[in-house]
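When we follow the working numbering, the leftmost residue of the sequence shown carries the number 1313, and every step to the right adds one.
I should point out that these hints are in silico values taken from the structure, not numbers from a laboratory. The structure displayed is predicted, hence computed values, not measured ones. Be a bit skeptical, because a hint or two may be false.
What the hints assert, rightly or not - Straight-line distance between alpha carbons at most 16 Å, and here's what the computed EDC-like set of lysine to aspartate or glutamate pairs gives:
id, residue 1, residue 2
1, K1911, E1927
2, K1814, E1824
3, K1781, E1792
4, K1837, D1964
5, K1918, E1880
6, K1923, E1881
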Amino acid sequence: MRKSSFGGRRVSQPLRMDPDDMRASGSRRPPDGRRGSAIPQPGFALKGRRSSSENRNRMSSLPPMKRSRSQVNMKLQTPTISLTTPMRETNILKFGSAQSQRSPFSDGGHSSRKSTYSGTSKPNVVVKDTRPLTDKGYQQQEMQKINNFLSTFADGQSLAPKGINLKQLTTKLFVDIVNHLLGFFDSKICINMTNYVSEIPLTMKRWGYPGNLNTSWLKTVNTQHAFPHVLGLLSWLVTMASAMMRTEMDVVLQEALQCYDDDDGIDEAFPYGNAVLYMDHLFTQYGLWSKNDHAAEEKEENRFIADLCNRNGVGQEELRGMEEDVRNLEAQLNDPKEIAEMEAAVEEEKKYNACLKDYNLILDYKNRMDEHLNTAETELEETRMNIRAEEEALHVLQNKIMDLRELLKRQVMSAQERDELLKQCNEIASSIRENEEYISVVSNQIYADDLEMAKKNANLKKKTQAYNKIIVTESCWLPELKALKDDTNILHHGAEDELAQKDAYASQFKSELEKKLADLNSQIKQLKSELLQVEERKMTAVHEQQQCQDKVKHISENLNAIMLRSSEEASEMKKTIDSLKEENESRANCGTLEEQKAKLQQLYFKRDNGKILIEQNKQKALVFFQKSAAITQGVIDSVTRAEAEYVRKRNDLVQKAKERIQKYSSEVNQIDE
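Assemble the whole structure, with the sequences as input and the hints as a guide.
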């Protein structure tokens, strides 16, 4: 065994700390650093403080009374509780408990000491969640259970009127449902969107939830991977809420107290009364706490303390004496000497913990070093064995070499054998020189061939790139050319087959192009024939236009003749009127005036009718001229537009045909090359 690093002594076993020595350490003290007290207090939930070590045997001023074993053996770590602390915050064991069990609704961790009342301790057992949360059938069953439970309450129906499923689940809905279910356990709990990520894990761990409480799925409750954990948490809360709703506290109290009566109900867990008295008070306090009636809760606390004092013969004088003792003990506890003692004990405890930690580290290092040394010794022994085996093999080889040397020394060669051997060596040397010269010539030829092949390969690559560029450019209007793109490696196995396939495809494509070219030529011929027909139609339209113009000219001449006759008639009528006026003047003296007036009136009437007829003829002629001009202009415009459109289409078609013919010709020439 190797020596210890502390000195020359050997360490064969790790140091063991005596449990009795551990009692004096500060690790058993409450977190606030204050010491407990074993002096009986005037209430069930009230405990004082223990004095310093020099005053621990001081007797109380209380009159003699019966004390329980648990009170006499009160540990140092009993926490200090205020005089106004309700009994529900003392974490007293439930009636009938065989072990010290931690309430799921209490704060703080498990204590490592034995129970003050039962003398035993229960380890903190980690419960694993064995529910098949990923099973689809189980998920449907649990969703049905959650929906049925929520549907029994109006608040639950308003939270999730359509039930719980992955598509409709949101983070706010999840938080509201959890807050609603936690209200069955404690109405003071408030879970909202700001604190649910931190409060839900703390609360569920305190109540013993066995499932997964990672914040990763709490932040993404509406995802596929988080839905099983969400379903497991809600299902567990629904189960616990259903169990609490089915529990009737009066029935539990009645069944729990069946095996106790008022006389023999003295127990270590109830030092100042019997079980019936304590349990009745505890359940009363629980009911008041559930209703949040703090005034009635404090009143019930004071009543129970007074009842205990009366039952145990404790009066006002004893209470005042106990209060005086408490004040004295508090004064002693606040003594600088006591504080210095406590600080020194805390420092000693820190030093001891540091030394113990260092010792454990050194001990662990020593164990690891011992293990490493044992491994190194084993490897060293194996290496030595390998070296010995290699030395033996080397010795055998050296012996063989010595034997061969002795054999060479003893061997005798004749002059003839020497000459033959020299001749063979010369022949072999000449053969080697010839082979080397041949190898040099072949190497030079191979080098020249490689250069030629590299040059041809470079030219081939350039031509291939130019060819592929043409293919890519022309494939924009002819996608079938993409299949002719050359990406074949001529040095690759099977390149000849690929080139043969592309050659066959090119031949087929060439025949198709020639066929399309013939079709285009036939289409061009057809378009030319159509062009001739359009030109004939144009000539016909021009002839019709000429005829229309002739008709218009003839009508204009007729109209001019009519207007000329009208003007002549008007002049004649004017002359007639003048002659009539002269006749009237000449006959005024010799004829009848009335007859002349009547004739004159008829002449005026004819003149007016002639004017009206002339105006009507003018209007008809104007309308006719306008219509004929519009018809003529429309015919001329339509013929002009048709002619321009035809010429444009003909030019475009001819241009496209020429471009396609040129492209096809160049492509066919490239393919032929």
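Here's how the hints hold up against the structure:
{"no.": "1", "hint": "K1911 - E1927", "in the structure": "violated (25 Å)"}
{"no.": "2", "hint": "K1814 - E1824", "in the structure": "holds (15 Å)"}
{"no.": "3", "hint": "K1781 - E1792", "in the structure": "holds (15 Å)"}
{"no.": "4", "hint": "K1837 - D1964", "in the structure": "holds (15 Å)"}
{"no.": "5", "hint": "K1918 - E1880", "in the structure": "holds (15 Å)"}
{"no.": "6", "hint": "K1923 - E1881", "in the structure": "holds (10 Å)"}
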